[in-house]
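Colleague: In case you want the letters, here they are:
6 protein chains.
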Amino acid sequence: MANKLKLGIPKGSLQDATLDLFKRAGWEIYASGRSYFPTINDPEIECMLVRAQEMARYVETGALDAGLTGNDWILENNSDVERVTSLTYSKASRQKVKWVLAVPENSTFQKPEDLAGKVIATELVEYTKRYFAEKNIPVKVEFSWGATEVKPPMLCDAIVEVTETGSSLRANRLRIIETLMESETQLIANKASYTDEWKKKKIGNLSMMLNGAIAALSQVGLMLNVPKANLDAVLNVLPALSSPTVSHLRDSDWVAVNTILEEAVVREVIPRLKAAGGSGIVEYPLSKVVL
Amino acid sequence: MANKLKLGIPKGSLQDATLDLFKRAGWEIYASGRSYFPTINDPEIECMLVRAQEMARYVETGALDAGLTGNDWILENNSDVERVTSLTYSKASRQKVKWVLAVPENSTFQKPEDLAGKVIATELVEYTKRYFAEKNIPVKVEFSWGATEVKPPMLCDAIVEVTETGSSLRANRLRIIETLMESETQLIANKASYTDEWKKKKIGNLSMMLNGAIAALSQVGLMLNVPKANLDAVLNVLPALSSPTVSHLRDSDWVAVNTILEEAVVREVIPRLKAAGGSGIVEYPLSKVVL
Amino acid sequence: MANKLKLGIPKGSLQDATLDLFKRAGWEIYASGRSYFPTINDPEIECMLVRAQEMARYVETGALDAGLTGNDWILENNSDVERVTSLTYSKASRQKVKWVLAVPENSTFQKPEDLAGKVIATELVEYTKRYFAEKNIPVKVEFSWGATEVKPPMLCDAIVEVTETGSSLRANRLRIIETLMESETQLIANKASYTDEWKKKKIGNLSMMLNGAIAALSQVGLMLNVPKANLDAVLNVLPALSSPTVSHLRDSDWVAVNTILEEAVVREVIPRLKAAGGSGIVEYPLSKVVL
Amino acid sequence: MANKLKLGIPKGSLQDATLDLFKRAGWEIYASGRSYFPTINDPEIECMLVRAQEMARYVETGALDAGLTGNDWILENNSDVERVTSLTYSKASRQKVKWVLAVPENSTFQKPEDLAGKVIATELVEYTKRYFAEKNIPVKVEFSWGATEVKPPMLCDAIVEVTETGSSLRANRLRIIETLMESETQLIANKASYTDEWKKKKIGNLSMMLNGAIAALSQVGLMLNVPKANLDAVLNVLPALSSPTVSHLRDSDWVAVNTILEEAVVREVIPRLKAAGGSGIVEYPLSKVVL
Amino acid sequence: MANKLKLGIPKGSLQDATLDLFKRAGWEIYASGRSYFPTINDPEIECMLVRAQEMARYVETGALDAGLTGNDWILENNSDVERVTSLTYSKASRQKVKWVLAVPENSTFQKPEDLAGKVIATELVEYTKRYFAEKNIPVKVEFSWGATEVKPPMLCDAIVEVTETGSSLRANRLRIIETLMESETQLIANKASYTDEWKKKKIGNLSMMLNGAIAALSQVGLMLNVPKANLDAVLNVLPALSSPTVSHLRDSDWVAVNTILEEAVVREVIPRLKAAGGSGIVEYPLSKVVL
Amino acid sequence: MANKLKLGIPKGSLQDATLDLFKRAGWEIYASGRSYFPTINDPEIECMLVRAQEMARYVETGALDAGLTGNDWILENNSDVERVTSLTYSKASRQKVKWVLAVPENSTFQKPEDLAGKVIATELVEYTKRYFAEKNIPVKVEFSWGATEVKPPMLCDAIVEVTETGSSLRANRLRIIETLMESETQLIANKASYTDEWKKKKIGNLSMMLNGAIAALSQVGLMLNVPKANLDAVLNVLPALSSPTVSHLRDSDWVAVNTILEEAVVREVIPRLKAAGGSGIVEYPLSKVVL
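Chains as they are written, first to last, in the working numbering: chain A, 36 to 326; chain B, 36 to 326; chain C, 36 to 326; chain D, 36 to 326; chain E, 36 to 326; chain F, 36 to 326.
Just so you know, not all the hints are guaranteed correct.
It does not matter which identical chain is used: a pair holds within one copy or between any two.
Here are the simulated DMTMM-like cross-link-like pairs (lysine to aspartate or glutamate), alpha carbons at most 25 Å apart as the crow flies [as the list claims (entries may be wrong)]: (1) K309 <-> E232; (2) K58 <-> D288; (3) K39 <-> E213; (4) K41 <-> E213; (5) K133 <-> E161; (6) K164 <-> E177; (7) K164 <-> E63; (8) K133 <-> E217; (9) K133 <-> E213; (10) K39 <-> E297; (11) K236 <-> E303; (12) K226 <-> E79; (13) K235 <-> D77; (14) K39 <-> E298; (15) K175 <-> E95.
The set of hints was computed from the structure by calculation and includes no laboratory data.
Isolated chain A (complex conformation) (with noise of 0.2 Å):
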């Protein structure tokens, strides 16, 4: 039987970002209506959509290869599972998540310790109460089924909770009291599989790519011609790390300068191009970048 890599793509919020990077990387997925078994375009993987929160319990038995999925759900199902990379790529920002314990603003608790005694409501109910013991608090900590931090303080005391900048919390008076973990995307693989040598490989390349095609989403391509009198001025203006392309031209009075960039730096670093001596500045789209 032909090799076959079981991938896991999370369903739900992350479904689209995590589409549309694949695509990018090179890999079409089309998950159509309802199906749960989305087709793609390479015959050595089989791709099933299940939820993040499920992802690293199927794939530490082995029903599924490798996955996507965040580091809190990993650690609130405790799978042990091999961690290939992270891949940080979600929608709104590129940030860490977090997951904080929040409490009533105007409520008197703290720290963890004063909440002995309380309710906790979350959706992280393993490692929130695993959290709490090592801290010898004695907490009772219930599921919650969405909608946490409008829960306190007339449905429960206190949350463990995510959130990105604060926002919602602070708009649901709440006042956050502890960091309890961050987080962020993983591809995780099956430890059993890892071992094999031909799905270790598929892996890997597969990471290679996903992380070319993040990498390109915040880099661009910089091409300029300079006179070569003005080489070392332009050069001093490129950032250490862009390594640029110097290339001979029929004109031997000039150089053309090929180089990559953050594109969060091209509004200062043009300019400053434009002063050392360099002209025809071109910044173009890039796709993939594996330095």
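Based on these hints, arrange chains B, C, D, E and F on the given structure of chain A.
Modeller: For chains B, C, D, E and F alone, kept in the frame of chain A given last:
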């Protein structure tokens, strides 16, 4: 302080149908954007949006005086609450839903006992555990975050899942081997609140008007004129329970008949009324029916 | 085997209006997604979605017992079917549509005879051929797949096209020189089916209820109280055909008048009823009117 | 030439609600795409869409015979027009709007006089200037093209702005220090047109039907059967102004009661009617109410 | 008079994809609302929207100089036109479509001959008639206005229908017993127009640019730096046809390689380039490729 | 305190195009919901959404350091501001807009002087008053709240209105008799701010990057390989201003040519490059062009 009833409205799939029902019953609830505390045009009521899954838990503790949720989630939470009335108004159909035990079409499982030692995925973990424990069948029950029906056989052996028509189960090539429970929406009350006279009356009025609005959905008014000579023939056509109102007209050879009918029978009844001598037959819509 | 009526529902532009009409008449038809065999809440009927253009063909062969389609397509197919009733319920207007012969505004064509030897594009090829053959005018009739009105003069000389108001023809700078046919929706039946007593009665009930629902669209109920002294004046205001019901009240100086009116005249009638001494005038909506 | 009433319909935020109101009152107005001259199903009326801000100006000059606009814009234009009736039908609420003087929350301004020498931004420039001139407070009033409430304190010192609930002002951290005017929609007429008998009667009918449609929005019909013995008890439950119609039934122990009620009280009245001995209580919707 | 090319653009399902293709090829076509004569930013071209089904007919008569349509409709119309180039750009896939003969899954028909005497429904009436006539199989071919695949066995015995993957046929429980034709989009020209030198060159440029834009859809640019020592290893990784450009760098130990690749192989090639010693690998998008 | 540039972004029809332009220039501006103070990914800039009509007023007073608005509104406000650069990026076309004097098609007005004593409606009241005052033509200029072009002749005699193609004026049967002004978007600065060195440099960088992003919209990159023998022929095909870069290849018989071209000429240039001996011609998109 004025009397106030704390009322839980089910968040999620039932929400729009519930707000619509309340509107037809006489209460406008405005659920603006992301707020979980919708306003209501009744100063004696305070609303909160709560997941159906958690409603019974918070009505039991008294955080809410009353709420709407399914029988299934009352049982899952094993909550001790007052069941005031059943309300059958769910959007798609007006039938009860069923929680069933389903297995892969081509598996050998035929009855609950065959699942001894197997893994069952479900959203209704506690109820399912009690069900199998009572039958002394040892199974592993796993919480499922959704898409339960795509899991067998790859991710589990069987599932306990909710269904109306069974079509989603069939589409996933699953076979039902047992019905564990039927469920419909309930208006429930906190037991202590229900001993408070004001609250009990308020809940009773709510119940009467909600039921009046539900009844009006499937009933219509019918008016017709009938020559006195044909009145018995016409009345014989009307269903026994419709108790028509017969009133005198200025033209003393005729009477007017006004009645309430199930909408479902109108298409049969009108042709027969006409055949029996009725004329000027008019059907008109109703907003509430309290018999 | 139980009796069953095979009923064709027009697929396409009339479909939504037809389903809505059936719903108001008492039959709910669920056309889910791409299925051409919608379900209906009447075990005695079996529905199929069929293009209006082909309906008469399949009612004629008996593949369907009955169906709804336009007079135009019955004639185009030259089908031998029973015409049960006309049903004027199309969304935009409630007028008949016309099939007209149209030529470029600035052409010299003035009458059908002027088109001898010319090319005519139309969707209604067979009917158009017969029309010109009967007049002994030799023309070339070409089937048009759509956008017929943009074709003259570049792609053909004249067209036979359907129109309600003529505005699309004018916008394309075309001039009507002849009306070939008027058309409206018909409920048709297979001739053999129509000799079956059960089917004939079933089709008759359908016809009565569909017409009752159509009538209710343009009529309303009106109730008012009238001092006996003013009754004649009030009745004189009401249209001759409205046959109002006059009933006694407990207060014997007053009577109650209840009547059905065309909605279009209400805005004229109410001010005159009030001037004639009516009071407490109330208009209410109707769902069906079977006089 | 036939009589014709030139009627201005407010373009913009009130437009949809206005067309809907006219439809319920008995006039269908078709505002197709970009045309400012919608068609209406009444050959005696000619419509034009005109901004509410400019309506009174053009009714005053006689370019329009009548129109709908707010009291605020009549005063802003200082127009000499006939006010025929108030019409309270705006979508969000049915309350009057207010034009208020608002200042930054944390400013020291407490009353209009404190703004002497300051800059006030508003859409209602002329009215505001007259207001402050009458109080002999010298201010600079600047026309604001929109988003007035975000301007203080960066772009101006205070604003005169319209508000229903004040929530937008609060959200922009503004504090109301004075209410300058309350406003609601008016049907206005040109003074000369209003002396023309035909036009005055036509405008009067419009006014009656528009008010009849508005009244029907908040009222419902209620029918019930009552044993004669309980009639007084039942009638005592009904609000004083509802003037119920009581009619005889063939069964002489019973009477039928039919009445019109404010929808807002139905949820209180029905339980009390039932307690008083009413049965077969039915609520039905109304389209127009002209008492 | 200036030279002008009359060009037919396919109206309907291909339209958006066609306009998008022309835009990428360098021509912006604006199809505003209902007009069938879109504007184009090239004074030498005049566009008309024409149904793919009729395109060949009007190119053959010379009403159009050139146009885009499928091979299937050229054959259905039996048109004598110049086929300039094939263009495979349809949205869903980039494969040819097939017209197949399909019968009910559970019928006994196995080959075309089995349909002698039967009724076949299809949109491709003329081609189908010729096909069966050439095989001397007598069948009745009926024009189908759409939804052809739901007709057997109720409304006909077999169908000739277009399909890409066969999934719609399978969903309707039909079985393919013969492929009659494969089809893809063609740029066609009127034979007389194609002898005009100016028109032939204009059509040739169109063909080159359309093909250049199509090629760019599936290809990407790849740049990398390579130590001279590894150049052969790197070049061996690249597909034979990619003809990479190798250029000198100022640092004479390194060269820059720039090449065009099929996007489909990039995910395989990049890991191997890196293994062969390439670095700074960058993929960039292309707009046109003319080799 | 750190340096900070207060920048006005035009609210309304230009807003989306402006945010898109800034994004391509290197600045991401997030305008969340109803806030008028969008965030920007540059700690040195503070944004405010301001109507184009009011922008110049607030840049003149120094409430803003810089802003984008049309030349028309600078003149309407008669503001004394620094004009930094013109930016032509409006969505529909990239032409200047015109403010014109228009009269009813069938009126006798032929020149501005003919309007002496008449009423002119416009949004540009002050500029229009100055225009007619300078010509000593007495007119009444009325502010128009919108839909200006439907007003003549019913509500006014002539209008001064903005237009790109004149099509809206023609559709309202108006005739242009004079162009009063042409206008395009300007980056403007407060005169005092522009003497501050840091602010002037910051505004200069903004100007360079915005212009670089605009230039890239209409230009593309083109690469091709050329046998040395054909190089002159190839270079002759390229537009004089394109200044191509010619670089050596390892295969010394060939050179690589890389150049920037107006996208509009590519469809003409590529066929001629190919005819001149170029091969492997590739067009690629650009993000910024700073020559």
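Colleague: None of the hints should be skipped; say for each whether it holds.
Modeller: Checked hints:
| no. | hint | in the structure |
| --- | --- | --- |
| 1 | K309 <-> E232 | between (51 Å within a copy, 19 Å between copies) |
| 2 | K58 <-> D288 | neither (43 Å within a copy, 36 Å between copies) |
| 3 | K39 <-> E213 | neither (44 Å within a copy, 33 Å between copies) |
| 4 | K41 <-> E213 | neither (38 Å within a copy, 32 Å between copies) |
| 5 | K133 <-> E161 | within (17 Å within a copy, 30 Å between copies) |
| 6 | K164 <-> E177 | both (10 Å within a copy, 18 Å between copies) |
| 7 | K164 <-> E63 | neither (40 Å within a copy, 41 Å between copies) |
| 8 | K133 <-> E217 | within (4 Å within a copy, 40 Å between copies) |
| 9 | K133 <-> E213 | within (10 Å within a copy, 43 Å between copies) |
| 10 | K39 <-> E297 | between (37 Å within a copy, 24 Å between copies) |
| 11 | K236 <-> E303 | between (40 Å within a copy, 11 Å between copies) |
| 12 | K226 <-> E79 | within (19 Å within a copy, 49 Å between copies) |
| 13 | K235 <-> D77 | within (16 Å within a copy, 42 Å between copies) |
| 14 | K39 <-> E298 | between (37 Å within a copy, 22 Å between copies) |
| 15 | K175 <-> E95 | between (28 Å within a copy, 17 Å between copies) |
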